[in-house]
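> Listed below are the residues making up each chain.
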Amino acid sequence: MKIKQHFLLVAFTTLFMTACSTSVERLDSQETVDLSGAWNDTDSQLVAREMIEDSLSRAWISNFVKAEGKDPAVIVGKVRNLSHEHINTNTFIADMERELINSGEVQFVAASGARDEIRAERGDQDLNASEDTRKEMGQEYGADYMMQGQINTIIDVDGTTQVRFYQVNLELISIKDNRKVWVGQKKIKKLIKNSKLRE
Amino acid sequence: MKKIILASIFTLLTACAGHQRESNQLANLLHQQPPTQVLAQLQSTEPPERDYAQFHLNVGLLQLLSSDFPAAIASLTQAKKEMAALEAISITENAAAGTVNETLRSYSGYPTDRVMVHNILALSYLFNDDIDGARVEMLQADVSMKKLYSKGSYNGQLASTHLLSGIIYEMLDEQSNALISYKHSEEIIQKRKLSVPVSLQQALLRLSYRVDRNGQYVSYKQRYSGYPTPVSNNASQVFSLYFDSVVSNKIEKSILVPSGNGEQLIRISMPAYPNPKYRMARAKVTDASNQVSTELIENLEVAVREDLSKEYPSILLLTTTRAIAKYELVAQANEQDSLLGALVNLATALSEIADLRSWNMLPATIQFAYLETTDNEVTVDRVSAAQEKIALNIGSTNLLLISSLQTPVFHYQQ
Chain A
10 MKIKQHFLLV AFTTLFMTAC STSVERLDSQ ETVDLSGAWN DTDSQLVARE
60 MIEDSLSRAW ISNFVKAEGK DPAVIVGKVR NLSHEHINTN TFIADMEREL
110 INSGEVQFVA ASGARDEIRA ERGDQDLNAS EDTRKEMGQE YGADYMMQGQ
160 INTIIDVDGT TQVRFYQVNL ELISIKDNRK VWVGQKKIKK LIKNSKLRE
Chain S
13 MKKIILASIF TLLTACAGHQ RESNQLANLL HQQPPTQVLA QLQSTEPPER
63 DYAQFHLNVG LLQLLSSDFP AAIASLTQAK KEMAALEAIS ITENAAAGTV
113 NETLRSYSGY PTDRVMVHNI LALSYLFNDD IDGARVEMLQ ADVSMKKLYS
163 KGSYNGQLAS THLLSGIIYE MLDEQSNALI SYKHSEEIIQ KRKLSVPVSL
213 QQALLRLSYR VDRNGQYVSY KQRYSGYPTP VSNNASQVFS LYFDSVVSNK
263 IEKSILVPSG NGEQLIRISM PAYPNPKYRM ARAKVTDASN QVSTELIENL
313 EVAVREDLSK EYPSILLLTT TRAIAKYELV AQANEQDSLL GALVNLATAL
363 SEIADLRSWN MLPATIQFAY LETTDNEVTV DRVSAAQEKI ALNIGSTNLL
413 LISSLQTPVF HYQQ
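In order, the protein sequence lines correspond to chains A and S. Using our numbering, the first residue of the first sequence is number 10, and each one after it goes up by one. Using our numbering, the first residue of the second sequence is number 13, and each one after it goes up by one.
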């Protein structure tokens, strides 16, 4: 009887400890995991890749190369979050930057925040670096186009069921004359059903 | 064994009742102590896990009023997540609530809490210099209100939320959205048979003039006459929200009666709100030539009572079910042993505790005033504090959050 009691105690304690312990599983960053139905890394990567692929397949790029005889230089500006969720647009911008740079079809210029830091470094080099390693001011590569956009959502709710519709709009605008040379749009629709019961 | 069970029940009950009492005492302390001090005391308490949502709501609000905006955002976001997770019905918690008492159910927030959390979060984002974050909260508030909407009921439909949405949209120059939000606010106020504040009338005129000068503006002009044409100028806009006093706590109403056969004592406990003693005070915002007083936009004293009234049928049903279950339990214990029966009767009677949890640190009312000024300074007067001067950049848009508690005036400017 005592052995049985001890066994039960050990079994119960083990079960209790297992239930309370934190579990961590490493996942592939490309793996799709939807927990809440909110905007996540998969959406960010998918939208960035598809939209940049679309933008690079359009006529503006060949027109520019033909006219200027060089690859266009692009900068990613602000992507406004007009959605129902607190979306970190910086990760989305970073995804787009990566897709643009890796395409090899455009030159890519650092965004304004990064430029300020680099300018400060050049200023510092001007004072402290040796003549042969010093980088001069006024040699920056000016961007030809800026990509801007916004993330919008429409949410339809009925009880525990939600339809979330995301629409990402991006535009490529010529810095020289404000012409819009490309407008892209990507839509994602999600049906989310929350359980009516919990433990 | 019996002693252990009874001791466990008593300990559990003391903890439940203890935290409810403590939370209500701290809410009352806000009338005497600054939010920073009450926050420190609240954070030193250890609420049971099922009260986390209520705890985080109160902590978040006090963090906002203590100027710790990032912490307020973190706490209120946590509360929002907890309330969302608790929307689903728990079988085990309902079983516990149906047999012991309602406090064994997790606090999932009343309709007013579920919408107000977005208001307080939006203000926290705004004072943390993140107007886009505030905008997100107002969109979420709109979804929450749609979810809570039922015909003929105002539960979870807050005029103050629509008003704050309107202000944020106006600050972002989204004029159509601002007009729609102001309209929703007006609609709720009218349905509640309250008078539409002058500042809201002006907002409707201002935005309809910008958006639809020959249509909606004309009809608003007929409805709200006597104001000058809202032409654009270089004046600064000052939107002022005033949080007055602290909303009432719930109280317990109990009766203890002998059973029909006189063998048992039956206790029934229900939560209730006391008769409101609140007297509305106003804040005043003044420039060199004009003075505006804040006007009622949201009476949370009424809203929380409506929330409880809506819950009453289910509370009554569960209380009756529980009384029957407890009666049967005592009767069975009595059959085994009369001493055990008496002990179980005592435990069942003492375990009958009303659920007094609520977001009890909310203001009693939310008021609003609007001022356009070409001055570079306005003064704020409120009953509880000395006059405070607020510097304005010429042509700026400003939101002031004024509280009757011992806090500074919070100022967002763009």
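No lab work stands behind these hints, which were simulated from the structure alone. All C-beta atoms in this analysis are idealised placements derived from N, C-alpha and C, irrespective of residue type, glycine included. Possibly wrong hints are sitting among the right ones.
[Claimed, not checked] Covered by chain A, according to a simulated footprint, are these stretches of chain S (three or more residues, beta-carbon under 8 Å):
| no. | segment |
| --- | --- |
| 1 | 123 to 132 |
| 2 | 195 to 204 |
| 3 | 308 to 320 |
[What the hints assert, rightly or not] Quick list of in silico lysine-lysine cross-link-like pairs, DSBU-like style, CA-CA up to 35 Å:
| no. | chain 1 | residue 1 | chain 2 | residue 2 |
| --- | --- | --- | --- | --- |
| 4 | S | Lys296 | S | Lys265 |
| 5 | S | Lys265 | S | Lys195 |
| 6 | S | Lys158 | S | Lys289 |
| 7 | S | Lys265 | A | Lys202 |
| 8 | A | Lys199 | A | Lys185 |
| 9 | A | Lys199 | S | Lys158 |
| 10 | A | Lys199 | A | Lys189 |
| 11 | S | Lys289 | S | Lys159 |
| 12 | S | Lys93 | A | Lys199 |
| 13 | A | Lys202 | S | Lys159 |
| 14 | S | Lys203 | A | Lys205 |
| 15 | S | Lys93 | S | Lys233 |
| 16 | A | Lys87 | S | Lys158 |
| 17 | S | Lys195 | A | Lys205 |
| 18 | S | Lys158 | A | Lys195 |
| 19 | A | Lys198 | S | Lys401 |
| 20 | S | Lys203 | A | Lys195 |
| 21 | A | Lys199 | S | Lys296 |
| 22 | S | Lys265 | A | Lys198 |
| 23 | A | Lys196 | S | Lys195 |
| 24 | A | Lys87 | S | Lys93 |
| 25 | S | Lys195 | S | Lys296 |
| 26 | S | Lys265 | A | Lys199 |
| 27 | A | Lys205 | S | Lys93 |
| 28 | S | Lys93 | A | Lys195 |
| 29 | S | Lys322 | S | Lys233 |
| 30 | A | Lys79 | A | Lys196 |
| 31 | S | Lys195 | S | Lys205 |
| 32 | S | Lys195 | A | Lys199 |
> Decide, hint by hint, whether the structure agrees.
Here is how each hint holds up against the structure:
no., hint, verdict
1, 123 to 132, "violated (count 0)"
2, 195 to 204, "violated (count 0)"
3, 308 to 320, "violated (count 0)"
4, Lys296(S) x Lys265(S), "violated, 39 Å"
5, Lys265(S) x Lys195(S), "violated, 40 Å"
6, Lys158(S) x Lys289(S), "holds, 32 Å"
7, Lys265(S) x Lys202(A), "violated, 39 Å"
8, Lys199(A) x Lys185(A), "violated, 39 Å"
9, Lys199(A) x Lys158(S), "holds, 19 Å"
10, Lys199(A) x Lys189(A), "holds, 30 Å"
11, Lys289(S) x Lys159(S), "holds, 32 Å"
12, Lys93(S) x Lys199(A), "holds, 20 Å"
13, Lys202(A) x Lys159(S), "holds, 14 Å"
14, Lys203(S) x Lys205(A), "holds, 32 Å"
15, Lys93(S) x Lys233(S), "violated, 43 Å"
16, Lys87(A) x Lys158(S), "holds, 31 Å"
17, Lys195(S) x Lys205(A), "holds, 34 Å"
18, Lys158(S) x Lys195(A), "holds, 27 Å"
19, Lys198(A) x Lys401(S), "violated, 49 Å"
20, Lys203(S) x Lys195(A), "violated, 41 Å"
21, Lys199(A) x Lys296(S), "violated, 48 Å"
22, Lys265(S) x Lys198(A), "violated, 50 Å"
23, Lys196(A) x Lys195(S), "holds, 30 Å"
24, Lys87(A) x Lys93(S), "holds, 29 Å"
25, Lys195(S) x Lys296(S), "holds, 25 Å"
26, Lys265(S) x Lys199(A), "violated, 47 Å"
27, Lys205(A) x Lys93(S), "holds, 16 Å"
28, Lys93(S) x Lys195(A), "holds, 28 Å"
29, Lys322(S) x Lys233(S), "violated, 38 Å"
30, Lys79(A) x Lys196(A), "holds, 33 Å"
31, Lys195(S) x Lys205(S), "holds, 15 Å"
32, Lys195(S) x Lys199(A), "holds, 30 Å"
Consistency note: the structure conflicts with the earlier hints numbered 1, 2, 3, 4, 5, 7, 8, 15, 19, 20, 21, 22, 26, 29.
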